[in-house]
Amino acid sequence: MSNTRIQQRMDALKASGRKALIPYIVAGDPTPSVTVPAMHAMVAAGADVIELGMPFSDPFADGPVNQRGAERAIAAGMTLPGVINAVAEFREQDDETPVVLMGYLNPLIAMGETTFCEACENAGVDGLLIVDMPPEEEGSLVQSAKRHGLDLIYLAAPTTTDARLETIGNATSGYLYYVSLKGITGSSKLDTHEVSQRIAHMRQHVSVPICVGFGIRTAEDAAAISTTADGSIVGTVLVSQIEALANQPEQIPAALQAILQPMRQAMDAKT
Amino acid sequence: MALTEQELRTLDYEPDAGGHFGDYGGRYVSETLMAALSELDQNYQMLKNDPGFQREFDADLATFVGRPSPLYHAQRWSNAIGGAQIYFKREDLNHTGAHKVNNTIGQALLAKYSGKPRVIAETGAGQHGVASATVAARLGLECVVYMGADDVERQSPNVYRMKLLGAQVVPVESGSRTLKDALNEAMRDWVTNVDNTFYIIGTVAGPAPYPQLVRDFNAVVGREVKWQSKEILGRYPDALVACVGGGSNAIGLFYPFLKDTEVAIYGVEAAGRGLSTTEHAAPLCSGRPGVLHGAKTYLMDNSDGQIAHTHSVSAGLDYPGVGPEHAYLKDIGRANYVGATDDEALAAFHEVSEVEGIIPALETAHALAYTKTLAATMRPDQTIVCNMSGRGDKDIFTVAKMEGISLT
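Line order of the protein sequences matches chains E and L.
Position 1, counted from 1, in the first sequence is what the numbering used here calls 1; the numbers after and before it change by one each time, with no gaps.
Position 354, counted from 1, in the second sequence is what the numbering used here calls 354; the numbers after and before it change by one each time, with no gaps.
Possibly wrong hints are sitting among the right ones.
[As the list claims (entries may be wrong)] 25 Å max Cα-Cα, derived SDA-like pairs, lysine to any residue:
(1) E/Lys146 x L/Asp23
(2) L/Lys330 x E/Gly139
(3) L/Lys330 x E/Ala110
(4) L/Lys330 x E/Ser140
(5) L/Lys112 x E/Thr159
Derived by calculation from the structure, the hints in this document are not laboratory data.
Using the sequences plus the hints, can you model the full thing?
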């Protein structure tokens, strides 16, 4: 497991003293044909890892912006096999950028966890982040994911106790996703000082890279987070932009690029 | 995996430390909620055996709710059907008009003992919202109620009641604009405001420890039926019937009888326009296991695992999931789950109003519809206790509208 695409990418970043820029979009939002061009555009803008949302009808840990993104994708006919196919299509031109699928458990159960993991491996998916599956509830999915070479990325929160950090640190591979706010995705504002103190504390319990998401909206946010974290995860601001361009989907790839490029530059300037 | 009768008599029917009922239940939530749920679990496990807490809970049930609620012999209806003797457990006589208040009193006391000045709730029919707003007013807690925008329209009298009680009602426009969306929104609020906020969940669904604690607070219903039936009949009833949406009134009645396997148990789901259509809300009858709102349970979804839009004439049963303990009781064979359609429920609504002088809630009417079917197959010396879980005042506008009658 030491040789997954995610781990190679994280090692390479560390060796060059850079931090990971990790954008998140919902696959199929607003229409399935946009997803692969958007992924390539984000890589061109400097994305190191792509988190691709698997749309779910009841994403209760996400904010309203991401929920609307999921609703648009489902209405446009996006399915779990469709998400995996998008990754396979992306891999035709990009064999290096790691892709993490992020979502909720029920669609995986419906598809069959083994079938799902096998399809992910074949398509070139690198990791899974299942929001409503804490380590306490991990079941057969973990074995399937390991067998098919998929990293399992877990969340940590400001309220996570040290004992749970140990458990989560042992379960997670690839990187740890630190939810910088107590709240839901995209809400409220970011306290970068508090985040950096918290990251320093977590490193005593967790050996994998720690990337920070929730609340990163601007190039300044991304740069500030990157001074202590191993990466910045950017989601809601991108999904908002997609929403604004839902009726002009051909403009979406360039628009995402325009948000990510300044973040990349600001992050690289700091490190 | 149905168990033998001997096994069913000796099970302890308690969840494990992680809140699992067999394969179901658990805590399928984002890490952001784990600390809040652990804190709640610790507080609850401590307080449920605390004499002071129990005393305050019992006192409120007696003097604020009006318990015990009577066990009433529906004689004319029993005779008209010509089968088993039917008894109603009169939860409709509780303050606020339904069983819901048993649970909200318990949870609001938990909020008070946990030092949380603000409570939030989700509501479908509005009964749980009203019950939450009521106890919040009584205890001086700030109260915000999330309600699907469609339900706000369907249940305007309850919306007004909540406002009279000082609560803020937030219409939820996302998704299907019903109960499940209200639940999503309430969870979001809780994650964001967990420091000062207690989330009063209205049913036995959701992540652990909610299914257990909501059950425990409602179990007063079944405990009373136990002594009342001994007093009135000299024995336990032959069968229990209750409607199941999330399943809190049902589990409240069933739970104290689970080891008494001579008592048959029937949960009645909303079969809507028929179980053979897609327009119903009956996950135990025709759904499959999955994960929704923090628990593994039976639910209604499509082949892609997207949660289905459900239908029922009754807002309180219009929910695609069900409490995990019911999923467990179904699989081990301790309880039977059946459906009653919109039409069957409406017929029972009218029949019981006319024959017994009790206007039942549309939710309850589903239990009554199946009670009638079941009674007809039983002897007059046998008895059924049907949980009259709520009164129908809130539903008269819905029924009148469906029947083309204008009340204004």
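Going down the list of hints, with the structure as the test:
1. E/Lys146 x L/Asp23: 23 Å, holds
2. L/Lys330 x E/Gly139: 22 Å, holds
3. L/Lys330 x E/Ala110: 20 Å, holds
4. L/Lys330 x E/Ser140: It holds: about 23 Å lies between the C-alpha atoms, which stays within 25 Å.
5. L/Lys112 x E/Thr159: Measuring from Cα to Cα gives roughly 22 Å; hence the hint holds.
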